[in-house]
Amino acid sequence: MSKGTLRQVLLLTDGCSNAGEDPTAIAALAKEHGITVNVIGIMEESRNGSQGLKEVEEIALSGGGVSQIVYARQLSQTVQMVTRKAMTQTIQGVVNKELQQILGEDHELEDLAPAKRGQVVEVVDDLGETMDLEVVILVDTSASMTDKLPMVQEALVDLSVSLRSRTGGNRFALYSFPGRRRDVEKQLGWTPELDSLAGVFKKLTPGGLTPTGPALQEALRIFRNRMNTSEDRWDERSGLEETGM
Amino acid sequence: MRDQVSKKQGCNLTPGETVIGRWHGNRYRVIRELGRGATGTVYLVSSEKGQAALKAGSDAMSITSEVNVLQHFSKVQGEHLGPSLFDVDDFTAADGTYPFYVMEYIEGEEVIPFVQKRGVEWSGILAVQLLGDLDRLHQAGWIFGDLKPENLLVTGPPYRVRWFDVGGTTRSGRAIKEFTEFFDRGYWGLGGRKADPSYDLFAVAMILINSAFPARFERREKDNLSLLLKKTAERPALKQFAPVIRRALTGKYKEAMEMRKDLMDRIGTGSPRRERKAAQPQTGVPAAPVIPATRKAHRKVRKTLRKTPSGIVETLLVAAFLLLGYGLYLFVQIM
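If you're matching them up, the sequences are chains A and B in order.
Final position of the first sequence in the working numbering is 245; the numbers increase by one with none missing.
Final position of the second sequence in the working numbering is 1335; the numbers increase by one with none missing.
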């Protein structure tokens, strides 16, 4: 299998979307494009907003990704865990598909004798270490997120530290929603590391609506632009685009 | 609610229940739960071959990943590096199939309570033992990764530190798989998360700090190195290791053996009051001198335990007499 690129959206939000398209639908569309959507729901320590949490789970489910609810304090470790987990999950999906081709339908890792699983897992581990990774990070900056943004910033820098330790390449893009004039605002274009985050969120004016759907739509557009412009470079990519898990 | 990452987390075995492997047909009877980790639950079980630890999870991927590590360990093994692996299999429960593996049951005490009970001089000695094991692991091309007191046990007597959860072990040169913030150099802004020996040595220094600050503490926005060094200087038990800790925190040690040697030199020159005790089981584990020290410690503990209740009784008696006296005094005054 040739080396390819993993594409992920990482959505950080604290609750319900209330403007634009249904985010679950956009997530499902992203999945069809081979892009996984991961969602981290940031919870208020004092409050228990179970409604927003349900949406968090649903978006990730239809986006073929991973979701996790956390208190702001635990954010750093969670962000990197979710990203890693989603990578493994996607790669595992591809490997499982290959296995099915070799072993026939309805065969998955669990159907192999434990002794044979080891090798499959090593392949997945290898790919996770060496594949290139592209992440569009979407940060909800609506009013209720204001006091959580410093922690979000810290967690993202930390994510960058983790991913940089891999052998494979990394590219990040950072967007916030709602923007000052538009639904979504660009904070950082494609960059290999997130060290330059200091001050990014200070410019923000949190408030107003939470257009999660349009934000996901924008992430999808960013990926498609990138895929089109670099078509020939990624030409020999394996079937990763079609993976869904 | 917090476990939404995994699809099913329902693997719950109750004491008395028997697990039968789907592939190898071995039977394990659950005695009790030993602990819960990110990837599964560990149970104490009895099998034909005696007691063992069984780890069952829901994700074949992560369980297999750990099995891989344990298998590599068994190849490295000269003497006890991590638990030995006995069996890998699946069992079927009402709600699905769960992968599990069975390993050696390591019985011992957690590091921090052990040091608190027996004396701080143990923290340096346990670190020396740990560094010897780490060196062998590093030589074999592996980095422990998630090194922390919770993943270590002290077995014995003779007392010896051993690691029992090897889930985070990563091949040298790769990105660290699992980590815990307090012991992670990335968290303190003192390095990346690429697996190399100095990553583990940083964690050893943090374990030393943790043994003097059992409650741990959080990072500051910047200048965390001076925070850690300040904390080190605050505790006499740590202060003697300060130069070693500083070198480990700044990634100056490229090999576990360098740090081990420096640490051993330091243990020898500790405060005079402590010297005799601390100098005892430096390398290996000479069994003879350890045991008397242990008995003494036992006796000391028992003595203080006995003293405490009688002290309370005395205080209460004195207070009662005083009250009685005061009551009589009042009584006399009124009359």
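You may find that some hints are simply not true.
Unchecked claim - Calculated cross-link-like contacts (lysine-lysine; reagent style DSSO-like; alpha-carbon spacing at most 30 Å):
hint	chain 1	residue 1	chain 2	residue 2
1	B	1239	B	1252
2	B	1261	B	1230
3	B	1148	A	85
4	B	1252	B	1230
5	A	186	B	1230
6	B	1049	A	116
7	B	1117	B	1239
8	B	1148	B	1230
9	B	1252	B	1231
Claimed, not checked - Beta-carbon label-pair distances, calculated as ranges:
hint	chain 1	residue 1	chain 2	residue 2	range
10	B	1222	A	228	39 to 47 Å
11	B	1257	A	228	51 to 59 Å
12	B	1108	A	169	55 to 63 Å
13	A	54	B	1031	38 to 46 Å
14	A	115	B	1031	23 to 31 Å
15	A	25	B	1095	29 to 37 Å
16	B	1116	A	150	32 to 40 Å
17	A	101	B	1012	34 to 42 Å
18	A	73	B	1036	19 to 27 Å
19	A	98	B	1023	45 to 53 Å
20	B	1092	A	189	38 to 46 Å
Hints were generated in silico from the structure; no laboratory data involved.
Virtual Cβ for every residue (Gly too), placed ideally from N, Cα, C.
Violated constraints from the hint list, given by number and in increasing order: 5, 12, 19, 20
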